[in-house]
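Full structure from sequences and hints, please.
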Amino acid sequence: MSAQIITKNSDLLEKFPQYVKPDERTGYNGYVVSSDHLIDVARAIRDELGYDYLSSVTGVDYLPDGLMEVVYHFFKSSGGPALAIKSQVDRNNAVVPSLVSLYPGADFQEREAWDLFGIQFAGHPDLRRLLLWEGFEGHPMRKDWHEPYYEEDGKPFKSRWPDGKISLAEDKNPFHKNIAFPTGFDPDKWIPDDDSVLYSNIKNIISSEDESGLKTDYVIVNMGPQHPSTHGVFRMVVALEGETIRVLKPVVGYLHRNHEKIGERNTFLQNMPYTDRLDYISSLSNNFGYALAVEKLMGIKPPERAEYLRVIMAEFTRISNHLFAIGSLLNDMGAYFTPMLYAIEERELILDIFEATTGSRMMCNYFRFGGVARDLPEGIYEKIHDLAFERLPRKIDELDLYLTNSEIIKARGEGVGVLTPEDAIAYSTSGPVVRASGVPYDIRRADPYSIYDRFDFDVAVRYHGDVYDRYLIRVDEMRQSVRIIQQALTQMPKGPIQEGKPQYVVKVPPGEAYGRVEAPKGELGYYVVSNGKPNPWRYHVRAPSLINITPLEKMSLGNKVADTVIILGSIDIVLGELDR
Amino acid sequence: MGEDLNKPEYEIPPELKSSVSITTLDRIYNWSRRSSVWPMMFGLACCAIEMICAAASRYDIARFGMEVMRPSPRQSDLMLVSGTVTKKMMPLIVRLFNQMPEPKYVIAMGACASGGGPFKEGYNVISGVDNYIPVDVYIPGCPPTPQALMNGLITLQKKIDTQSIREVRWYKKGASETIPVPVLGPDIMDPREYDLIRQYTNQKLQNIDDPAAQVARQEKGS
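Protein chains in written order, with our numbering: chain A, 1 to 580; chain B, 1 to 222.
Please keep in mind that the hints were generated in silico from the structure rather than gathered at the bench.
Virtual Cβ for every residue (Gly too), placed ideally from N, Cα, C.
Treat the hints with care, since some could be wrong.
[As the list claims (entries may be wrong)] Some residues of chain B that are not near chain A, with every Cβ distance over 12 Å (derived): (1) K17; (2) R63; (3) P101; (4) E102; (5) T162; (6) K172; (7) I179.
[Claimed, not checked] Result set (DSSO-like, lysine-lysine): computed pairs, CA atoms no more than 27 Å apart in a straight line: (8) K120(B) - K165(A); (9) K554(A) - K249(A); (10) K120(B) - K172(A); (11) K204(B) - K172(A); (12) K533(A) - K120(B).
In structure tokens form, the structure reads like this:
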């Protein structure tokens, strides 16, 4: 079972008897640590217990208890289950020490918790809003904050069920739009922020560098959010000396579609189609992680055939994602659209299988709690078989032959955007990014879930940590995915695809669960808290794209602008997941 | 030349039929415009991936003369709003729209761009891009398949065919007005709606029972 939580770790309790207590709420695991000693405990967790990988940081608003909780999930980069610690503070004065000095990977996650929950992280070097803009009214993930179209806390809404009426949310809003303003607000007196803090921070960094040596002129350039090589609406503010990057600050949130707030209004099953739209290139992997998290809460397991179908679909997703990633990386390098056309040709064949099986090309909505939605239709098994045994191995070799030894790709990629293994772990990167830096951290092996322990496959690792290796590792991983699909097709038994009857409203017992999968982009984690109601109390997505760009500045400094574009391309971000 | 272009309603001598076409000015003007619509390379979300697929070999929008995607709004005729429009992104979309030269068209691709889609209830989501910029064609779907996108493009071509050079807005005086760029305040603010906002927030201020209004009144008084 994936991501088990260590419940008994006597070392931690012995070392800090006064301020580490086991979490004794029913359905909860891990430890509660008082916020005053969080840094000491975290240091001991990292240096003495060896949990060097901080996977997820998130807030939970326990409104009835008046508490704001910060939940941390630590892992060992050598593999094994999680160590979860929590820190509880008063809702109205939520201040928690920042862990950025120990785990730099906490940077964006703490900023997100400040943005959405209003939890202050004391000692954070740059605590600005992450997803929304400075000046936005309130912290939207707080339970007592209501969106302009607010109707009720949880679905199904009484106006729609059991005898639903058609009504437009616009008609109930005084502006006939999705907006709301605080009482007595005067728009004429409003001064927009326009990223003033961000720009002054950059100017400070520049001026502190100026003190030694000759004075240099810097140019501040905004790349994005409308830019052909930022893979969507991603924005980087860079300070340039000539063409060389001196400061780079990512600005995200241009596609923040409130996945988590909507997710807490929805019922558990209603969230499944929303997870498709996180990383919209690999929707089936997203389904996988969410299904695992909720199944862990419910304590059920899917039948054998469903497990195999899940693995086949998830691995096809990985291949289609990596094809797309390689295609767009080559686009960024200047091989305009030709490799992309080859990649999309194969991807279309995989999408055909998805469309036939799930009913949709991209938004598959295929997984259910305790199974999958449909079995393979007639004739599709043969198609999958052909693809996995004949066509894909040949086409991956072809891609390899055309691209890997290309002089241009080597010249552009080798030694560019290097990420050392120590940094890769410290910045909590995952997926191809961490493995291209020489860390063999693959959750399918490190903390096996579903039936991955039955298959014979290698964890692809490359050791230079540059753009070229991040390209190579995707080719390697496609080969391994084909191997897994081949084995799964051979072993797949006949049988039911759903445990029990399919249900629209599932009964989820109170408790918390953290389900994580090795998505094509990295570690995709779902932190779900249930209080026994039809809607999740907390629904958090640990998005690999967001956390993988934390070291972007470090990788880009000293490189040229054109290199930053391919460094970003080699990380392979998807904005739907990054901004959620 | 397309068959529909050559409609002379006028007798051409048989010996000239192979080398001469007679058509109206409107027809040739619209035919040349609709056969080379240059979309802006502008992807917002999931729909952008289907847009890329539509440009790739299986679906190939080059058949419409639309494969020339321009990264700059100043070189493009068509804005394909492909994905969820958020409040944080909206000022930039309006600025991009203002930067596009006439004649310009907007296609709202997918449920989100047309009306908010599955994310409509979200606090950072615009319920349809047509709240701020004019839309010519709406394409349903989440995301629309490449076929649906192509149907939308054909619909746009039909719309272009109905226009007349004598009546189009971009040859009229002062017709091409810029849309005021929304401001990011406590929520997104359309400069055209400041009066409405002020009126409503003051109305809320008068509400005696609302504790938030009491606090705000005291602040204003002091």
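Practice prompt. For the pair supplied as a hint, K204(B) and K172(A), confirm whether the alpha-carbon distance does not exceed 27 Å.
Written response: Judged against 27 Å, a Cα distance of about 16 Å means the pair holds.
Worksheet item: Can we confirm that no CB of chain A comes within 12 Å of the CB of R63(B)?
Response: About 15 Å separates R63(B) from the closest Cβ of chain A, which puts it past 12 Å; holds.
Item to complete: With a cut-off of 27 Å on the C-alpha distance, tell me whether K533(A) and K120(B) pass.
Response: 24 Å, holds
Worksheet item: Under the criterion that the straight-line Cα-Cα distance not exceed 27 Å, is the pair K120(B), K165(A) satisfied?
Response: 18 Å, holds
Worksheet item: In terms of Cβ atoms, is chain A entirely out of 12 Å range of T162(B)?
Response: Check passes; 30 Å lies beyond 12 Å.
Practice prompt. Just double-check K17(B) for me: nearest Cβ-Cβ distance to chain A has to come out over 12 Å.
Written response: For K17(B), whose nearest Cβ neighbour in chain A is about 41 Å away, the distance exceeds 12 Å, so it holds.
Discussion item. Please verify whether K120(B) and K172(A) have alpha carbons no more than 27 Å apart.
Written reply: 14 Å, holds
Discussion item. Would the non-interface assignment of P101(B) survive a Cβ cutoff of 12 Å against chain A?
Written reply: 16 Å, holds
Worksheet item: For K172(B), is the shortest beta carbon distance to chain A beyond 12 Å?
Response: 29 Å, holds
Worksheet entry | Closest CB of chain A to the CB of I179(B) still more than 12 Å away | 15 Å, holds
Fill in: Exclusion check [E102(B) not at the chain A interface, CB over 12 Å]
20 Å, holds
Worksheet item: Within a Cα-Cα threshold of 27 Å, do K554(A) and K249(A) meet the stated pairing?
Response: Since the Cα atoms of K554(A) and K249(A) sit roughly 10 Å apart, the hinted pair holds (cutoff 27 Å).
Checked against the numbered hints listed earlier, the structure breaks none of them; every hint is satisfied.
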